[in-house]
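Enquirer: Just so you know, the sequences run in chain order H and P. Counting from 1, one number per residue, gives the positions in the first sequence under the working numbering. Counting from 1001, one number per residue, gives the positions in the second sequence under the working numbering.
Everything labelled a hint here was simulated from the structure, so no lab data went into it. These figures come from a predicted structure and were not determined experimentally. You may find that some hints are simply not true.
Here are some of the chain H residues that sit facing chain P, going by a computed Cβ distance under 7 Å [what the hints assert, rightly or not]:
1. L92
2. W130
3. C184
4. M249
5. A257
6. E261
Heads up, the beta-carbon is just placed ideally off N, CA and C, and yes, glycines get one too.
Here are the chains, one letter per residue:
There are 2 protein chains.
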Amino acid sequence: MTADRGEPARVVWAIDLGGTNTKLGVVSADGRILAQAAFPTRPPRGGDDWANEAAAALRGLAQQARVAGIHALGIGAPGPLSVRQGVLTNPLPNLPGWQGYPICAALTARLGAPARLDNDANVAALAEHWLGAGRGVDNLIVLTLGTGIGSGIIAEGRLLHGFSDNAGELGHCSINYRGPRCVCGNRGCIELYASTDALVRRYRTNRRRAGRPLPPRADITPYAIYRAAQAGEAAAQETFAQTGRFLGMAIASFVHAFNPELVVLAGGVAQAAEFMLAATREVVFDRIYPDHKVGLRIEASPLGEAMGLLGAARLALTAP
Amino acid sequence: MTADRGEPARVVWAIDLGGTNTKLGVVSADGRILAQAAFPTRPPRGGDDWANEAAAALRGLAQQARVAGIHALGIGAPGPLSVRQGVLTNPLPNLPGWQGYPICAALTARLGAPARLDNDANVAALAEHWLGAGRGVDNLIVLTLGTGIGSGIIAEGRLLHGFSDNAGELGHCSINYRGPRCVCGNRGCIELYASTDALVRRYRTNRRRAGRPLPPRADITPYAIYRAAQAGEAAAQETFAQTGRFLGMAIASFVHAFNPELVVLAGGVAQAAEFMLAATREVVFDRIYPDHKVGLRIEASPLGEAMGLLGAARLALTAP
């Protein structure tokens, strides 16, 4: 790995591409973000227009950080994508119109640096493995909890990609074969029980059951529910505990499948881990083989919003 | 890998250890079983007594095959076990009293050859990858269908072992979070819906629904149901189709998790694959993302009963 050649001063570019915002950074080989910026992705425009803005922003960040000669770029992006080809194959619904966009080639042409691409959940797993809860842990699963549920799986120190770079869609593993149909085609996906939509729906039910009036629909955001939980509202706290229990039911199966040492809850919803983790752990440890319990930990990500940039940087730093 | 050093005449010992029978063989580097034997495992006796018999039998097979200087042994055995330590950690309920038995050290001491151990489902995956449905396929899942459901997972060409060698318990992934409690602790495990017990139960129900008298309980074996299906009995055929559909529901999630190119149905129940595969494929392809469908195949194992010995031999042949 290039990062281990004894070049402590090595610095890379990193992009955390989302459907709403693009975050960019200049990151050192020891994981310091030396400069960063963000701009709206505005996916209605074409990929090339976006790439022009991204390349200009990255060059500006290099100047700002006073670093010359950056020669590697890492990109985390919504899947499905092809790691091997460096192409966004089918990044719907996040990036409509970008199907087949050769993002790596486009940025390499503009920056003169080789680019590596992986999906945002895999990049999150790299970040956790490098600087987060997974330091020194070679078998771990990172679940990114948000509008959807993504996952990155590191097995024996290596990201699991599968046949066509689509491994790790753990959000679309079913916990209920008769459950509601999901966009993926499956029924009863854990994403349907533990996404932000489910959280809001469950909170409304809990408020009603508690006989408390409902706030206007637009005011019931995951963050508002989190603040209510922090303020001690039972309905909000129970909402996160229920979500944590559903996650636990899925994680029990993931533990049997992958035998990880660590499962990390990351992403927006994991901010509320303090209200979920106890419930998640209880369900998981109730539902797995004794041999799978040995050494197993379930933790919240400590990395926060920097996770995406750090993981993308790690991708560039560990390029073969 | 030692097997690739250009030693076409290389030959290894193989053991397929089951709770009922122990199969042993002498296998060439090109996958021919040069000699084989079997004896009852009789687990009430201690491991050392068994190891004496196994070592004597392996020496006899080497003489029979007229091969001198065998210096590697592969063992497939029921888990949980420790691959790294070569120890049967907790092989219940198959081998009661053998907990912690250092099977590799015991056989190495008796045979003067290094021994490698892995669990029977992992060994099945090695066999499929080497000589079966998985030749040339580097991302595959092998499900061994029998009294229980085991699995071996090969990801990017390597067996997935996990943190403590207990990865691949796909039989204990749930398809129903409110389902019946399984011995493993989980609820609604696919094993509860597609094991031989479930098959027999489902056949009794189907016979009753068809208004046909039930045979004596002892006569309803999976093999008898298979023969009935072959003879054209609708209740028997539907029994396998239902089992195939349940397997499909689980496999859909496994495909999202691992993105394999191939899923192989192996083990005793897979003999009846002709009555299951169409149903399994239909459910899987109905329940997965379009990107996961590309190139995906679901097949029955072509290896039959030789699978265990061949996989154990492969373990020895690919020793680092």
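Enquirer: Now tell me if each hint is right for this structure.
Expert: Hints, one by one, checked against the model:
For L92(H), the interface hint is violated, since its Cβ never comes within 7 Å of a Cβ in chain P; the closest pair sits about 10 Å apart. Violation of the interface hint for W130(H) is found here, the shortest Cβ-Cβ separation to chain P being roughly 19 Å, above the 7 Å cut-off. At its closest, the beta carbon of C184(H) sits 5 Å from a beta carbon of chain P; the interface hint therefore holds under the 7 Å criterion. Of the supplied interface hints, the one on M249(H) holds, with its beta-carbon coming within about 4 Å of a beta-carbon of chain P, less than 7 Å.
Among the interface hints, the one on A257(H) holds; its C-beta lies about 6 Å from the nearest C-beta in chain P, closer than the 7 Å criterion. Interface restraint check for E261(H): the shortest CB-CB distance to chain P comes to about 4 Å, inside 7 Å, so the restraint holds.
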